[in-house]
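A.B. asks: Sequence:
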Amino acid sequence: MAVFSSSECLKVDSPSRENPFLTSEENEASAQFLRDGYIVFPLENDSLLNAVKKNLYQAGIELIGNQSKYSEADFFDRIHKIISVSELNDFRVKLIALMAQDKSLRPNIYSLGKKYIHWLVGNELAMQRNCNLSIQFPGDDSSLLPLHSDVWSGNSPYEIVFWLPLVNCYQTKSMFILPRAESEEVFRNFKQYSHLTAEDLFNKITDKLVWLEVNCGQGVIFSHSLLHGNRVNEESETRWTFNVRFKSLLSPYGTKELGESFLPITMRPVTKIGYNYIKPEC
Numbered sequence: 051m052a053v054f055s056s057s058e059c060l061k062v063d064s065p066s067r068e069n070p071f072l073t074s075e076e077n078e079a080s081a082q083f084l085r086d087g088y089i090v091f092p093l094e095n096d097s098l099l100n101a102v103k104k105n106l107y108q109a110g111i112e113l114i115g116n117q118s119k120y121s122e123a124d125f126f127d128r129i130h131k132i133i134s135v136s137e138l139n140d141f142r143v144k145l146i147a148l149m150a151q152d153k154s155l156r157p158n159i160y161s162l163g164k165k166y167i168h169w170l171v172g173n174e175l176a177m178q179r180n181c182n183l184s185i186q187f188p189g190d191d192s193s194l195l196p197l198h199s200d201v202w203s204g205n206s207p208y209e210i211v212f213w214l215p216l217v218n219c220y221q222t223k224s225m226f227i228l229p230r231a232e233s234e235e236v237f238r239n240f241k242q243y244s245h246l247t248a249e250d251l252f253n254k255i256t257d258k259l260v261w262l263e264v265n266c267g268q269g270v271i272f273s274h275s276l277l278h279g280n281r282v283n284e285e286s287e288t289r290w291t292f293n294v295r296f297k298s299l300l301s302p303y304g305t306k307e308l309g310e311s312f313l314p315i316t317m318r319p320v321t322k323i324g325y326n327y328i329k330p331e332c
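To convert a position in the sequence shown, counted from 1, into our numbering, add 50.
Any given hint might turn out to be false.
[Claimed, not checked] Taking lysine-lysine pairs in the BS3-like style, the calculated list, with each CA pair at most 27 angstroms apart, reads: (1) Lys119 / Lys131; (2) Lys329 / Lys153; (3) Lys165 / Lys322; (4) Lys306 / Lys144.
[Stated by the list, open to error] Have a look at the derived ranges for each label pair, beta carbon to beta carbon: (5) Leu308 / Gln151: 22 to 30 angstroms; (6) Lys241 / Asp124: 47 to 55 angstroms; (7) Pro319 / Gln221: 42 to 50 angstroms; (8) Asp257 / Gly309: 36 to 44 angstroms.
Hints listed in this document are in silico derivations from the structure and should not be mistaken for laboratory results.
Positions of the beta carbon are idealized from the N, C-alpha and C atoms, including for glycine.
Build out the structure end to end from the sequences listed, making use of the hints.
C.D. replies: Written out as structure tokens, the structure reads:
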């Protein structure tokens, strides 16, 4: 009988290594994610995405009090024509509060990314308590995320971000990411970068960054341990995106813990029994 050491069992990080327990599609997605640290994929349920957008549109119109300025088709790209930058944060906060009352939002967003989340993370999951909504107007520098890794602020490297655009995202209307090999090269040699500001580091690695081109109807899953961020939106349209973190329920947590920042969503019966096991005492 073959015996494997613990180090051999953990040699699972080869993009070219096919897992015979997975389908060819799963192996392909896994290899791409291990290589790049992110994957862009088609959503499988257009009607579900349309329902999410419709609810958001109706909530936005309710806040603005304008029923006729723009149709749902134009509302998201053109919202900056209706409200000002100074009004944006208040609008976004109120919109998030309205959407939080929609108990279908978290299940719907999970369902939109479910297949790839299961392939890349597993099917026993914890999901971030809140779905983050980002609205970035053209020319607005008030809601930028400078180059960063979420793990630096206490998130677990075992988490992924599901990034869900509600509009077509391209160039500066999108986000940038430093692919896995390049991010890890920075981390390995971080002493030579640690004195730099986020802006200086961005300028140092800018030619290696990938600007994601993602249409409405597609999603992105990325490891938030990688360096990523956004810039001033220099396009003529507003960017709307949801982002929410998922992780394997039983994998290690950072400072964002289960029950505080994450809630279990697909705990399996055996795990429930295990959690509630009472060891007999003599």
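A.B. asks: Would you mind marking each hint as holding or not holding in the structure?
C.D. replies: Okay, the hints, checked on the actual structure:
1. Lys119 / Lys131: holds (9 angstroms)
2. Lys329 / Lys153: The hint is violated at about 37 angstroms.
3. Lys165 / Lys322: Distance of about 23 angstroms is within 27 angstroms: holds.
4. Lys306 / Lys144: The given pair, whose Cα atoms are some 24 angstroms apart, holds under the 27 angstroms limit.
5. Leu308 / Gln151: 22 to 30 angstroms: holds (24 angstroms)
6. Lys241 / Asp124: 47 to 55 angstroms: Taking Cβ atoms as reference, Lys241 and Asp124 lie about 50 angstroms apart, which means the hint holds.
7. Pro319 / Gln221: 42 to 50 angstroms: holds (47 angstroms)
8. Asp257 / Gly309: 36 to 44 angstroms: holds (42 angstroms)
In this structure, only the earlier hint numbered 2 is contradicted, and the remaining ones agree with it.
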